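First residue of the sequence shown: 122, per the numbering used here; consecutive thereafter.
Rather than coming from a laboratory, the hints here were simulated on the basis of the structure. Keep in mind that a hint or two might mislead.
Cut-off 20 Å, straight-line C-alpha distance, at most; resulting in silico cross-link-like pairs (SDA-like, lysine to any residue) [unchecked claim]:
hint, residue 1, residue 2
1, K204, M185
2, K127, N248
3, K296, S274
4, K272, N314
5, K127, T148
The calculated label-pair distances, taken between Cβ atoms and stated as ranges, are [to be verified]:
hint, residue 1, residue 2, range
6, M183, K257, 20 to 30 Å
7, H279, G220, 47 to 57 Å
8, I267, A165, 53 to 63 Å
9, A130, F321, 32 to 42 Å
10, F287, F321, 16 to 26 Å
11, A165, E252, 36 to 46 Å
Only a predicted model underlies this, so the values are computations on that prediction, with no experimental measurement involved. Ideal Cβ positions, reconstructed from N, Cα and C, are used throughout, including at glycine.
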Amino acid sequence: MQILTKPLAAELMIKGSRFLAELTPVTSQAEARETLKAFKQKYADATHVCHAFVAGLGREVMGMSDDGEPSGTAGRPMLDVVKGRNVTNLLLTVTRWFGGTLLGTGGLVKAYGDSAKLVLDKAFEENAFEEYIEKKDFLFEIPYDIFDKVKHSIKDLHIQDIKEDFGASILISGKIYADEAEILSKILTNLTNGKTIVSFL
Numbered sequence: 122m123q124i125l126t127k128p129l130a131a132e133l134m135i136k137g138s139r140f141l142a143e144l145t146p147v148t149s150q151a152e153a154r155e156t157l158k159a160f161k162q163k164y165a166d167a168t169h170v171c172h173a174f175v176a177g178l179g180r181e182v183m184g185m186s187d188d189g190e191p192s193g194t195a196g197r198p199m200l201d202v203v204k205g206r207n208v209t210n211l212l213l214t215v216t217r218w219f220g221g222t223l224l225g226t227g228g229l230v231k232a233y234g235d236s237a238k239l240v241l242d243k244a245f246e247e248n249a250f251e252e253y254i255e256k257k258d259f260l261f262e263i264p265y266d267i268f269d270k271v272k273h274s275i276k277d278l279h280i281q282d283i284k285e286d287f288g289a290s291i292l293i294s295g296k297i298y299a300d301e302a303e304i305l306s307k308i309l310t311n312l313t314n315g316k317t318i319v320s321f322l
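Start from the sequences, fold in the hints, and give me the full structure.
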C-alpha cells in the first residue's frame, strides 16, 4: 500500500469552469475534516469544494462529498479513481469555480473523475508516494565520548527525522523501521554496557 508524502495540485479548465484538484496527506477522518475546513475557508469564492478521502493501511476509513453538486457526480467518481490505485492516507479535493456553462450529470462525473486522475498521475510522476513501512519513534541519551561510535554503528539502519540535542549529555530522537527497533536497542546496549536504554514511543 502506497501512502502520500507531500501535497500536490493540478488544474483543468472545462467549458469555462475551473477545476482545481489537490492531494493532501492525512492519517484519519478527523485530519481530513480539518484540512477540508481550511480549504473551504481558503476558497470561499468557489462554487463547490468536493472531496474523497481514504485512510488506514487497509483503507478502512473512507469518505466523500458532492458539496452541492448533483448527487453522485463528484465525490463518488473521485473516490472510485482513488480506490482504483493502491494508495491510502490522502485527502483528494476538487474545487470548482463555475464558468457559466452547465455540464450536465455525465459531464460533471467526467470532469471530477478526470481531475482526480490528473492529480494522481502527477503524484506518481513526481514520486509523491512511498510504500508504507511501519515506523517507531525512539529516544535515547548518551554521553559525548561515544557519540561518534554510536553514529557510525547506526548509520546503516533506516532512521528518519533524527534530532540531536546537545546538553549535559546528547539526547537523540527520530523514527526507525519497526523491524529494526530491536537492532537499535542491542547496538546501544552493547556500546554502553547496558547503561543506555532506548525508549520507543
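Can you give the numbers of the hints that this structure goes against, from lowest to highest? none
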